[in-house]
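Colleague: Now for the letters of each chain:
Protein chains: 2
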Amino acid sequence: MNQAIISALEKFTELDEKISHFNSILGLLSWDQKVIAPKKGRSIFAKANGTLRTEAFKLSVSEEMGELLSILSSKESEDYLDDEAKAKVRERNKFYHRSKRIPADMIKEFSVLTSQANDAWEDAKETNDFERYLPYLEKIVDFKRKAIEIYGYENHPYDALLDEFEPGLTVEKLDPLFVKLRESSSELLRRIQSSSYKPAAEIFDQPYSVNQQKEFNRYILPLIGFDMEAGRLDETVHPFAQTVNTRDVRITTRYLENNVRSAIFGTIHEAGHGIYEQNIDPKFEGSVLQEGASFGIHESQSRFLENMVGRSEQFWKYFYPKLQEHFPDQLGNLELDEFYRAINAVQPSFIRVEADELTYNLHIMVRYEIEKALIAGEIEAKDLPGIWNAKMNEYLGITPSNNSEGVLQDIHWSFGGFGYFPSYSLGNLYAAQILHKIQQDVPEFYDSIEQGNFAVIQNWLKENIHQYGMLYTPNELVVKATGEELNADYLVQYLEKKYSKIYKL
Amino acid sequence: MNQAIISALEKFTELDEKISHFNSILGLLSWDQKVIAPKKGRSIFAKANGTLRTEAFKLSVSEEMGELLSILSSKESEDYLDDEAKAKVRERNKFYHRSKRIPADMIKEFSVLTSQANDAWEDAKETNDFERYLPYLEKIVDFKRKAIEIYGYENHPYDALLDEFEPGLTVEKLDPLFVKLRESSSELLRRIQSSSYKPAAEIFDQPYSVNQQKEFNRYILPLIGFDMEAGRLDETVHPFAQTVNTRDVRITTRYLENNVRSAIFGTIHEAGHGIYEQNIDPKFEGSVLQEGASFGIHESQSRFLENMVGRSEQFWKYFYPKLQEHFPDQLGNLELDEFYRAINAVQPSFIRVEADELTYNLHIMVRYEIEKALIAGEIEAKDLPGIWNAKMNEYLGITPSNNSEGVLQDIHWSFGGFGYFPSYSLGNLYAAQILHKIQQDVPEFYDSIEQGNFAVIQNWLKENIHQYGMLYTPNELVVKATGEELNADYLVQYLEKKYSKIYKL
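Going line by line, the protein sequences match chains A and B.
According to my numbering, the residues represented by the first sequence are 1 to 505, in order.
According to my numbering, the residues represented by the second sequence are 506 to 1010, in order.
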């Protein structure tokens, strides 16, 4: 027995727990300030919040943490650490080294820059003035390029960013997946557009009582697997999911009188995130492993529930009568089949967050390719409006009439979130692969949905995905759950099959 | 310039800010877990909460804090510290020395004991079984007696407990105030009971729609001075006020269909606490001075608003028509004058929290005298039921038929909160003294209320009480605001005048 290692492991576990407790509190604070805090108190509270965030950060990159990680990452330690401890060391190591490499001055400067950039972006989007945003965007790109040189990478500089959101993923692995998805989606889109069949999507162009919407959403949420005693549903302008701990997961939605789909599919989407976290094994509480495996895996859970389940025929076979009861004037005379096709209508549009299931990925491809080239220095920030519009035209067949509905629409770059966008399409890819596997393991999958039995789905997801938290890397997890690495064929086939039927191709 | 002092002051200010930020966060967490957190997450979150609480405590009693306080409390430091810095040092010193003196083992043991005692108290109250609670109560009394010997005191051991809730207060100062209040209240109660006039309190013995109650409460809250953009109103079984910061003050109330008074006066009471904190000078944010001056001063603000304002004739001259609109069936035919007398009906009863404005203080006297004698070793815990009932009979003329409605009714002793009860009556005493002064400074005081103009009241309170936070000790503050030390005559005269008129004595 090596006493030094055992003692280091004890100290590490304690320190990891303290940081994780602080992060759990920071999660609650973030939710509170976004959802519930009175307006005038927020700027004051930001200081208290900052004090705790700084404290958690300092502990994560402390000398003590460095020493413990160095002992626990050594060859001799291997025999003393179980898988759980190894995963904790892996995750803490990653954060420690990433954060330590960037000098404190640079971090501080970047924090000021992104705060200004966010204001500039808001202004620019509102006034359709890309030039207002450009100087900040240029500086952010510069910073990211510098940071990447410090982090290091093997092949493509963008790998360093991918790794932050999807550990282990590289451009080399991702490019063929995304190219296949992009080409097949564009091609499918063209066939859909030349189909003579048009779903009756105009049924959504009328008011739907917000109170009735609320009632319907609150009705379906527990039925699809979200535990209301281990979570909450609130309202915000931008819906999100926030975990406090695995038995306190809070999601939000928004109700628009003129867009009944927004709340329904928004709620199901966030429920997918929420159910994931509600089913993480409680033994990971108070450790770095207490969260989902990655952004992509998380997104796979929200999109699986929203699209593969929530936009399926079988889902609405069960729920449509109840929806009709809530909206007899709007839907009383509409057949289930027509409703199903209407909620799956495909229509190229400018705004990513309003896109349908098929064109959504094309929006991501525009962003992915721009980010990759920008980070590699192949293009510059000033060229983005033109490149954006050209790619939109190439992939979706439409050209934004201004930058507000084009390159300025997303907040992500203003806070330096390069590398984030791919997660959304990764989520779709993972989700389709999971759907394929779950249908093999549970052949009655869609029959269960039709009978309103979601337990069989949630049990499979809990067993194969949810329970593990951050124990496995995304790649390990997907191989363990589905038997193979990420493969774009499943999503391509799923989309082909689904839309061929809907659009009678 | 003494560099060591200047540098110590800087470090102290930083450390004080960090602890205060953590306390602000702990305030929010406490509110969240009581009001809004999903059931299943709470026991998990308690650990994260405990980690932060421990961290804040450790910083407060750290070696660094000790050294800084020792420098900043020295004679040489005096010229370098302004009043604000001196007040911060005073408060941190108090906490530091109080906490440091009790050995860590003893604190830990007490924490286990009170947790068990609380369970035992709940059981005992439910089953009317004092013996179930007694062994824990005895141990708590033992602990308190020991702790007091460690803290030290000049005259009466109870002084050490009073000092915790009302800094600087002693039995020697308090006894004559409370004796005067008790004797005059008992005497006034006897006269009221022999009066032939009886208010029409039976109008409250009928259902009042909870929805209408909510609407009425939300209507009056901002009008009486509570800033809804710097606070919230929620519902809990036990109403309370919780400050996050001076622009985020959250109060709760409860609505009982069969007790319309409960929500109205509960809301006004908590609003009094809330408005106090909303008006503390923001310069005290992020320091130990960011809260109210003491428990007694805080209670003076809630009781001033609840009783002196909210139970006044003029208040209801303004609001009664609106209340009648909300409850036409119940109050449509009741004259304002009868309503006013009904909300001020005096009726001795067993439960403190349901007592009227006059008999409330007699409930406190029972507790104060018992606590004082218990702490001094003049009586023992086992004797409490008999002593309690005898005193209830002596002061209120009624004897509880069992211990659940007698000695077991309050939670306070189960967590060791000896010394807390006097704050309630101190609040009433301060409130009456403030009322006397405010009427001298603002002769149109009650006329303003009658016109629904609460700004004149809130401005006076802000100017003379609220803004100072914890800058002054309670005694300094009351002298500064009213020109003299606490004097029981004002409350005695106020009660005499009010009830003489109501009961036509």
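Because the hints were derived from the structure by calculation, they are not lab data.
Keep in mind that this is a model prediction, so the values were computed, not measured.
A hint or two may mislead.
To be verified - Each computed DSS-like pair below joins lysine-lysine, with the alpha-carbon atoms no more than 30 angstroms apart:
hint	chain 1	residue 1	chain 2	residue 2
1	A	K58	B	K827
2	B	K523	A	K11
3	B	K719	A	K283
4	A	K39	B	K605
5	A	K39	B	K788
6	A	K462	B	K985
7	A	K18	B	K703
8	B	K719	A	K108
9	B	K552	A	K34
10	B	K552	A	K47
What the hints assert, rightly or not - Ranges of calculated distance between the beta carbons of each label pair, as one might list FRET restraints:
hint	chain 1	residue 1	chain 2	residue 2	range
11	A	S111	B	T632	29 to 35 angstroms
12	A	D105	B	N507	29 to 35 angstroms
13	B	E762	A	K283	42 to 48 angstroms
By construction, the Cβ of each residue, glycine as well, lies at the ideal position given by its N, Cα and C atoms.
Colleague: Does each hint hold? Answer for all of them.
Modeller: How the hints compare with the structure:
1. Distance check on the hinted pair: K58 (chain A) and K827 (chain B) sit about 56 angstroms apart at the alpha-carbon level, beyond 30 angstroms; violated.
2. A hinted pair counts as satisfied when its Cα atoms are at most 30 angstroms apart, and K523 (chain B) with K11 (chain A) qualifies at roughly 24 angstroms.
3. For the given pair, K719 (chain B) sits about 42 angstroms from K283 (chain A) by alpha-carbon distance, which is inconsistent with the 30 angstroms threshold.
4. With a CA separation close to 39 angstroms, the supplied pair K39 (chain A) and K605 (chain B) exceeds the 30 angstroms bound.
5. Using a Cα cut-off of 30 angstroms, the hinted pair K39 (chain A) and K788 (chain B) holds, with the two alpha carbons roughly 19 angstroms apart.
6. A threshold of 30 angstroms between alpha carbons decides the hint, and for K462 (chain A) with K985 (chain B) the separation of about 64 angstroms lies outside it, so the pair is violated.
7. Restraint check for K18 (chain A) and K703 (chain B): the C-alpha separation of about 62 angstroms exceeds 30 angstroms, so the hint is violated.
8. In summary, the hint linking K719 (chain B) to K108 (chain A) is not supported, as the alpha carbons are separated by about 47 angstroms, beyond the 30 angstroms threshold.
9. For the hint pairing K552 (chain B) with K34 (chain A), the CA-to-CA distance comes to about 24 angstroms; that is within 30 angstroms, so the pair holds.
10. The hinted pair formed by K552 (chain B) and K47 (chain A) meets the criterion: a straight-line CA distance of about 24 angstroms does not exceed 30 angstroms.
11. The hinted window of 29 to 35 angstroms between S111 (chain A) and T632 (chain B) is violated, with their beta carbons roughly 58 angstroms apart.
12. For the pair D105 (chain A) and N507 (chain B), the supplied restraint of 29 to 35 angstroms holds, since their beta-carbon distance comes to about 32 angstroms.
13. One distance hint, 42 to 48 angstroms for the beta-carbon pair E762 (chain B) and K283 (chain A), holds here, with the actual separation near 45 angstroms.
Of the hints listed earlier, those the structure fails to meet are numbers 1, 3, 4, 6, 7, 8, 11, in rising order.
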